[in-house]
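Asks: Sequence lines, in order, name chains A and B.
One point on numbering: in this note's numbering, the residue at position 130 of the first sequence is 130, and numbering is uninterrupted.
When you read off a place in the second sequence, starting at 1, and then add 318, the result is the number in this note's numbering.
FYI, nobody ran anything at the bench for these hints, they're computed from the structure.
Positions of the beta carbon are idealized from the N, C-alpha and C atoms, including for glycine.
Please note that a few of the clues may not be correct.
[Stated by the list, open to error] List of simulated lysine-lysine pairs, BS3-like, C-alpha gap at most 27 Å:
1. Lys526/B with Lys339/B
2. Lys439/B with Lys138/A
3. Lys524/B with Lys138/A
4. Lys339/B with Lys439/B
5. Lys335/B with Lys138/A
6. Lys341/B with Lys526/B
7. Lys339/B with Lys109/A
8. Lys524/B with Lys341/B
9. Lys335/B with Lys109/A
10. Lys339/B with Lys524/B
11. Lys335/B with Lys439/B
12. Lys439/B with Lys524/B
13. Lys526/B with Lys335/B
14. Lys339/B with Lys138/A
15. Lys524/B with Lys335/B
16. Lys184/A with Lys138/A
17. Lys526/B with Lys439/B
18. Lys341/B with Lys138/A
[What the hints assert, rightly or not] Computed footprint of chain A on chain B, listed as stretches where at least three residues anywhere in the stretch have a Cβ under 8 Å from a Cβ of chain A:
19. 331 to 341
20. 411 to 418
21. 447 to 458
22. 543 to 551
[Unchecked claim] Label-pair restraints from in silico Cβ distances:
23. Arg591/B with Ser137/A: 55 to 65 Å
24. Pro346/B with Gly309/A: 57 to 67 Å
25. Ala270/A with Asp451/B: 54 to 64 Å
26. Lys184/A with Leu571/B: 53 to 63 Å
27. Glu153/A with Gly468/B: 34 to 44 Å
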Amino acid sequence: MREAIIIEGLTRCFGQTTAIDRLDLRVGRGEVFGLLGPNGAGKTTTVRLLAGVLRASAGRAQVLGLDVATQAREIRSQVGVLTETPNLYESLTARDNLLLYGDLYGVPKDVLPQRVQDVLDEFGLSHRAEDLVGSYSKGMRQRLAITRALLHEPALLFLDEPTVGLDPAAARLVTDTIQELSRKDGRTVFLCTHNLDEAQRLCDRIGVIDQGRLLAVGAPRELARQLWQRVWVEIDLHGEPSAEVDQMVARMPTVLSRRMEGGRLLLEVADEEAIPEVVNAISGTRGRIYGVRAREHSLEEIYFEIQGGGRPTIGGRL
Amino acid sequence: MSWNWRAIWAIVRKDLKSVLKNKMVWLPMVLVPASLSVVLPMVTFILPSLFGPPTAETEDLAPLLEQIPAHLTSQIAGLSDLQQLAVLSSSYLVAPLFLIVPLIVSSVLAADSFAGERERKTLEALLYTPIADLELFVGKLLVGLLPAAGISLASFAVYSLVVNLSGYHIMRRIFFPTAAWWPLVFWVSPAVSVVGLGTTVLISSKVKTFMQAQQASGVLVLPIVFAMIGQVAGLFFMDTGLLLIAGAFVWLLGIWLIWIAARTFSRRELIARI
Numbered sequence: 001m002r003e004a005i006i007i008e009g010l011t012r013c014f015g016q017t018t019a020i021d022r023l024d025l026r027v028g029r030g031e032v033f034g035l036l037g038p039n040g041a042g043k044t045t046t047v048r049l050l051a052g053v054l055r056a057s058a059g060r061a062q063v064l065g066l067d068v069a070t071q072a073r074e075i076r077s078q079v080g081v082l083t084e085t086p087n088l089y090e091s092l093t094a095r096d097n098l099l100l101y102g103d104l105y106g107v108p109k110d111v112l113p114q115r116v117q118d119v120l121d122e123f124g125l126s127h128r129a130e131d132l133v134g135s136y137s138k139g140m141r142q143r144l145a146i147t148r149a150l151l152h153e154p155a156l157l158f159l160d161e162p163t164v165g166l167d168p169a170a171a172r173l174v175t176d177t178i179q180e181l182s183r184k185d186g187r188t189v190f191l192c193t194h195n196l197d198e199a200q201r202l203c204d205r206i207g208v209i210d211q212g213r214l215l216a217v218g219a220p221r222e223l224a225r226q227l228w229q230r231v232w233v234e235i236d237l238h239g240e241p242s243a244e245v246d247q248m249v250a251r252m253p254t255v256l257s258r259r260m261e262g263g264r265l266l267l268e269v270a271d272e273e274a275i276p277e278v279v280n281a282i283s284g285t286r287g288r289i290y291g292v293r294a295r296e297h298s299l300e301e302i303y304f305e306i307q308g309g310g311r312p313t314i315g316g317r318l
Numbered sequence: 319m320s321w322n323w324r325a326i327w328a329i330v331r332k333d334l335k336s337v338l339k340n341k342m343v344w345l346p347m348v349l350v351p352a353s354l355s356v357v358l359p360m361v362t363f364i365l366p367s368l369f370g371p372p373t374a375e376t377e378d379l380a381p382l383l384e385q386i387p388a389h390l391t392s393q394i395a396g397l398s399d400l401q402q403l404a405v406l407s408s409s410y411l412v413a414p415l416f417l418i419v420p421l422i423v424s425s426v427l428a429a430d431s432f433a434g435e436r437e438r439k440t441l442e443a444l445l446y447t448p449i450a451d452l453e454l455f456v457g458k459l460l461v462g463l464l465p466a467a468g469i470s471l472a473s474f475a476v477y478s479l480v481v482n483l484s485g486y487h488i489m490r491r492i493f494f495p496t497a498a499w500w501p502l503v504f505w506v507s508p509a510v511s512v513v514g515l516g517t518t519v520l521i522s523s524k525v526k527t528f529m530q531a532q533q534a535s536g537v538l539v540l541p542i543v544f545a546m547i548g549q550v551a552g553l554f555f556m557d558t559g560l561l562l563i564a565g566a567f568v569w570l571l572g573i574w575l576i577w578i579a580a581r582t583f584s585r586r587e588l589i590a591r592i
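Extracted from the complex, chain A is given alone in its bound form:
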């Protein structure tokens, strides 16, 4: 099966409140998928449903080919979950924390001590392995929590707000770790976050969720294309454009606006197809072009556009 996660019409209600509303989504194996949304949007509930610790009110979902309603225990043995708070036993040492979870996840007894040592080494925690976790910094706790989630070598990792409350250096360390997990080991990562920089850096595709409803799914560039047809293009002419170039550009119907920014000519064009047309036109006037770059919309712009009601037509990968 190509997909690590298949969700169809998944719904979860708490009393009168619908926390997850008819969610449809597919996440491919090896993909880093980011579920973005404000606090209370339904991200954590989605993880809980997919990890089989919460029962859906309606709809169905498969994780690694297993049904969340009937094979929850098998799913839990094959996925790793990093919760929003590290959930570590502060009165135990890091090694004892990992040994406990190794037993709970059924890591073979004969390999468990070495496996614990290996992950401690890999995450740079060996020198503090015998210290009580209560003495750890926030960043170290989060790293240990990731280590715990990886101890049984899961094929799929759910990360719920992995950098929340961390200082920039610790957050950077955690995101580097996540990036490496997907690049080196080919693990599927399902990342829940409201940190847009983190999502931009890590995710192949994103989904935007609000009030339990999935508003949009796709790669950030794909979503931007759906949201905005117009494109900003930067043209480096090593200075101001000549009068000839300026007049020619002003006459082109596909160029909607123009200005200088940071020593570069910035043009707003009707769509991507207009870019080679503009470049050819400038070259035709013997203007020298030193660089051309289509300016991409940031994930922040995309996110707020979607949250503000700009709905891309793209759906999940169905």
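Position chain B relative to chain A; hints supplied.
Replies: Quick look at chain B alone, frame taken from chain A:
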């Protein structure tokens, strides 16, 4: 369902290790048994002997001795009044108090294991592991039951030693334990642990903190206090027959409470409350 005992024992080990690191939890488990098995018998036997000849006190105790049921008087026939008092106070009057040991130990540990786990925000990660709900429940029950049984037995051994040593100047022989203590220790006491566990687990599911769970489960001491008052007032005496019958009722109550607790212990319910 095949039981994952490795995971169950991992839970037990983890909780017991955590308990040893938490003074709030282990302190009552040390103080209560020490007070009942060491301090109480010493106060009962040694202090009175420091304040004058033993015979001076027995006149005041005559009404109490008169309340003893006929079948018990045969057990203490031939003893002096003071010796009778020694046997009655150490063997019968204190007997209900001894039940506080398994009750306190099991309820403190259950409160820490169930409510404490949620209070420390460590429960969620545990619920994401493959351990089954029932295995997790059994592991947490054992965390309360095993130490309660161990500490009760140890308290009984220490109490026997201290009673015989401190009462030797009155009895001039080893006189404890009496017959009624065997069903008390091996039949009623484990049943009381089970009731303590079942009640505290149910309370823990309704409260947010270890302290709230522990305080609410403190109400369990009341029946023991009433039993002691009942004995002193001469309403009944805890002999072997009464203990066997009472133990059976306590077992039934404990099993019923655990059954209800097990039915309500579901990770899907627990995670919804985190």
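Asks: All hints are to be evaluated individually against the structure, with a verdict given for each.
Replies: Evaluated hints:
Under the criterion of a C-alpha separation no larger than 27 Å, the hint pairing lysine 526/B with lysine 339/B is consistent with the structure, at around 21 Å. Pair hint lysine 439/B plus lysine 138/A holds up; C-alpha atoms about 15 Å apart against a cutoff of 27 Å. For the proposed pair lysine 524/B and lysine 138/A, the alpha carbon gap of about 30 Å is over 27 Å, so the pair is violated. Among the hinted pairs, lysine 339/B with lysine 439/B is consistent with the structure: their alpha-carbon atoms are about 17 Å apart, no more than 27 Å.
Restraint check for lysine 335/B and lysine 138/A: the C-alpha separation of about 23 Å stays at or below 27 Å, so the hint holds. Taken as a hint, the lysine 341/B and lysine 526/B pair is honoured in the structure, with Cα atoms around 20 Å apart against an allowance of 27 Å. As the CA atoms of lysine 339/B and lysine 109/A are separated by approximately 26 Å, the hinted pair is consistent with the 27 Å bound. About 24 Å separates the Cα atoms of lysine 524/B and lysine 341/B, which keeps this hinted pair within 27 Å; it holds.
Proximity of lysine 335/B to lysine 109/A is assessed by CA-CA distance (about 20 Å); at most 27 Å being required, the pair is judged to hold. A distance of roughly 25 Å separates the Cα atoms of lysine 339/B and lysine 524/B; the hinted pair therefore holds under the 27 Å criterion. About 17 Å separates the Cα atoms of lysine 335/B and lysine 439/B, which keeps this hinted pair within 27 Å; it holds. Among the hinted pairs, lysine 439/B with lysine 524/B is consistent with the structure: their alpha-carbon atoms are about 16 Å apart, no more than 27 Å.
For a cut-off of 27 Å, the pair hint linking lysine 526/B to lysine 335/B stands: about 22 Å separates their Cα positions. Of the pairs offered as hints, the one joining lysine 339/B and lysine 138/A holds, with about 21 Å between alpha carbons and a cut-off of 27 Å not exceeded. Among the hinted pairs, lysine 524/B with lysine 335/B is consistent with the structure: their alpha-carbon atoms are about 25 Å apart, no more than 27 Å. The straight-line distance between the Cα atoms of lysine 184/A and lysine 138/A is roughly 26 Å, inside the 27 Å bound, and the hint therefore holds.
As the CA atoms of lysine 526/B and lysine 439/B are separated by approximately 11 Å, the hinted pair is consistent with the 27 Å bound. Note on lysine 341/B and lysine 138/A: the hinted pairing holds, with a Cα-Cα distance of about 25 Å set against a maximum of 27 Å. Under a criterion of three residues with beta carbons nearer than 8 Å to beta carbons of chain A, the stated coverage of the stretch 331 to 341 of chain B is upheld, 6 such residues being counted. Counting residues of the stretch 411 to 418 of chain B whose beta carbon lies closer than 8 Å to any beta carbon of chain A gives 0, which falls short of the minimum of three for the stated coverage.
For the stretch 447 to 458 of chain B, the stated coverage by chain A is satisfied: 4 residues place a CB nearer than 8 Å to a CB of that chain, which reaches the threshold of 3. As drawn, the stretch 543 to 551 of chain B meets chain A at 0 residues by the rule of a beta-carbon pair under 8 Å; below three, the given contact is violated. For the pair arginine 591/B and serine 137/A, the supplied restraint of 55 to 65 Å is violated, since their beta-carbon distance comes to about 29 Å. Taking 57 to 67 Å as the suggested C-beta distance range, the pair proline 346/B and glycine 309/A conforms, at roughly 59 Å.
Taking the beta carbon of each, alanine 270/A and aspartate 451/B are about 60 Å apart, inside 54 to 64 Å as hinted. The hinted range of 53 to 63 Å is satisfied by lysine 184/A and leucine 571/B, whose Cβ atoms lie roughly 57 Å apart. At roughly 38 Å, the beta carbons of glutamate 153/A and glycine 468/B sit within the given window of 34 to 44 Å.
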